[in-house]
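> I would like the entire structure built from these sequences, with the hints used as guidance.
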Amino acid sequence: MPKDTVKETALATTDLNIQLPSAKPEYQSMLANIADKAPAIAQASTNFYKSHSQMMSVTLDVTAITPIRSVKHSLAEIEKTKSALQEGYFRMKKDEVKLKKLERKLLEETDDLEQEMLEIKINEKQANAASSRGYVEAAVRKLNFFTNQYENLMKKIGKDELTEADYELEEVKYHIMTCMKQALNSARPRNGVIDEGNMIYLFDLGINAAQAQLEVMSYLNWENELVKEGKAPEHHHTVQWLEACADKWSHCPSAFAESRGFAILDETSLTNNTLIEDKTDGS
Amino acid sequence: MSDKRYLGNIITDTPTAPAGPYQDSAASGVWSLAEAFAYTKAGLWPIAGNVNAIALFAGGNSASNRNVIDSFQIVSTGNATDFGDLLYSGSIGNGTVSSSTRAVHGGGNNVNRGADQLTLLQYSTITSAGNAVDFGDFAQSMMSQATISNQTRGIWADDTLNYSSTRIDYITIATLGNSADFGDSTSARSGATGVSSSTRGVAAGGYNNGGMTNIMDYVTISTTGNATDFGDQTVGRYQSSGCSSSTRGCFMGGSDLSSALNTIDYITIASTGNATDFGDLSAANYYGAATSSGTRGVYAGGKQPSAANAEIKYITIASTGNTSAFGNLTIARFGLGGSSNAHGGLT
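Residue numbers (my numbering), protein chains in the order written: chain R, 1 to 283; chain U, 1001 to 1347.
It is possible that some hints are incorrect.
A few chain U residues that don't get close to chain R, going by computed Cβ distances all over 12 Å [said to hold, decoys possible]:
#	residue
1	Gly1183
2	Val1219
3	Ser1324
Just some of the chain U residues that point at chain R, by a computed CB distance under 7 Å [unchecked claim]:
#	residue
4	Thr1223
5	Thr1247
6	Thr1268
7	Ser1271
8	Asn1274
9	Gly1327
Treat the hints as calculated values from the structure; they're not laboratory data.
This one's a predicted model, so the numbers in the text were calculated from it and none came from an experiment.
We treat Cβ as the ideally placed atom computed from N, Cα and C, and that holds for glycine.
Structural data, given as structure tokens:
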């Protein structure tokens, strides 16, 4: 196409202007439509800078079945978000300085082509800065969300502060409930039979797999009977059953550990344990 | 019971035994339950889900990029044969996921295309030899990732090009299309190794700004939630290779940056405990690839310690022990991707 017939059409968005060489009228109408909608789209996009919704964070991300494990997992999410926030913040500040340098350079530049190139680079940096700011703001919202969730969990536990002993004491319950949750889920599509992986998990916890199999079959039969009566089994029924399993076999991990010469809990090796006397001074 | 054979509508007195125990083995005719039971006991009755486990090892590098895809049957031992070619002229560090029918080779770095880091997803139909076909694209380039898959989904995590990123991508293997965002790893790292059961994928090890890490985290494949802490490997390393049965994941070889390692350790995927020593590779090796039949794990290629090698080795996943010799790839190379139609995520 001869150079003098090329028309440039500006695409104005909130972030940058794109000069699209096109003489075709359909592109002009498309670009006008995009320019018209761009501010609203940019505003809507800010809702989605975070990868996960709040709902997803507390159901599919933090899946720990017991409260102290949930605290641990939530704290891990807080730490991870803090790191991402820190990294994003410093990247954003560096980009701001780079942008200022480019703007200073543009003022000093006399060559017209170099000026044009600097303007493009400035536009590029401005677009990147807007995106970085969006992610940093989303990270702040996520951090605040998990900070509030931490508070909610502590209320549920009924404590102002957790000790390492609290964490250790809940571990037996957590692992039995997690193993039986997995065992039940594996059994549903396998005619009630627990899969081999969870059989191994049960063995390592000191729980007889045949007993666990019997509990799973009994629970599934109970659900079937409920359905036959025209009633619906609920999720909380499963949670109650898991808690009953944890109670029933709570002695198993320590018994198995002791049979192998281990003590499942050594209180002298815990930090901030207010329940025990400090014996590290040799007294 | 009649002793007549109904074979393709032709009645015959002489039964023709099924061609094999696999789900696609021919067993023409009409059979009584007693006959089916007898052949099942003899291991000759075609059973749904029982596939002739085939391994594919694709791409890699040795002096130049290789586009070759090798294949072999995992139940036998022997050399690999040429299966077909990857698109373009090959890629180093592609990561392969697979269902029982399809292997999808993702990403990599194609030096022959001018240091082009690939966003490309391409697939092979595992039981029919031929060149790879375009599948879709990653949102951004990926290389040397931890790969996780079951019959439905393929997942890539913790790749080398984005080592400060916690990004995880996934595809639906049966459809063709671009990858989608899955969730985040617990820790940003590169060159991690993946193993799968049908429900859970575990990514282990890798390299981050602080050096080698031995952390492991896992995802539930059917959700797109973030990864959760699993336990630790016996030694921090990257570019090891993973294979699994439905219950156990093994991590083979790798590098701690200063040297190649011969370590093999394993985890029970359903639990979240630390890894345990399994045995040793026959020689220190890293940047190879591994896959499995569900019972047998095979490890191919890699650097030993600096030159590319062609060796294929195997382990029996349910036991613990050192590797045994299996055969050779058609070309010595490292940075290849391994997959099969019967790995731990499918059994």
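> Confirm or reject each hint.
Okay, the hints, checked on the actual structure:
no., hint, in the structure
1, Gly1183, "7 Å, violated"
2, Val1219, "10 Å, violated"
3, Ser1324, "24 Å, holds"
4, Thr1223, "5 Å, holds"
5, Thr1247, "4 Å, holds"
6, Thr1268, "5 Å, holds"
7, Ser1271, "4 Å, holds"
8, Asn1274, "12 Å, violated"
9, Gly1327, "29 Å, violated"
Checked against the numbered hints given earlier, the structure breaks hints 1, 2, 8, 9 and satisfies all the rest.
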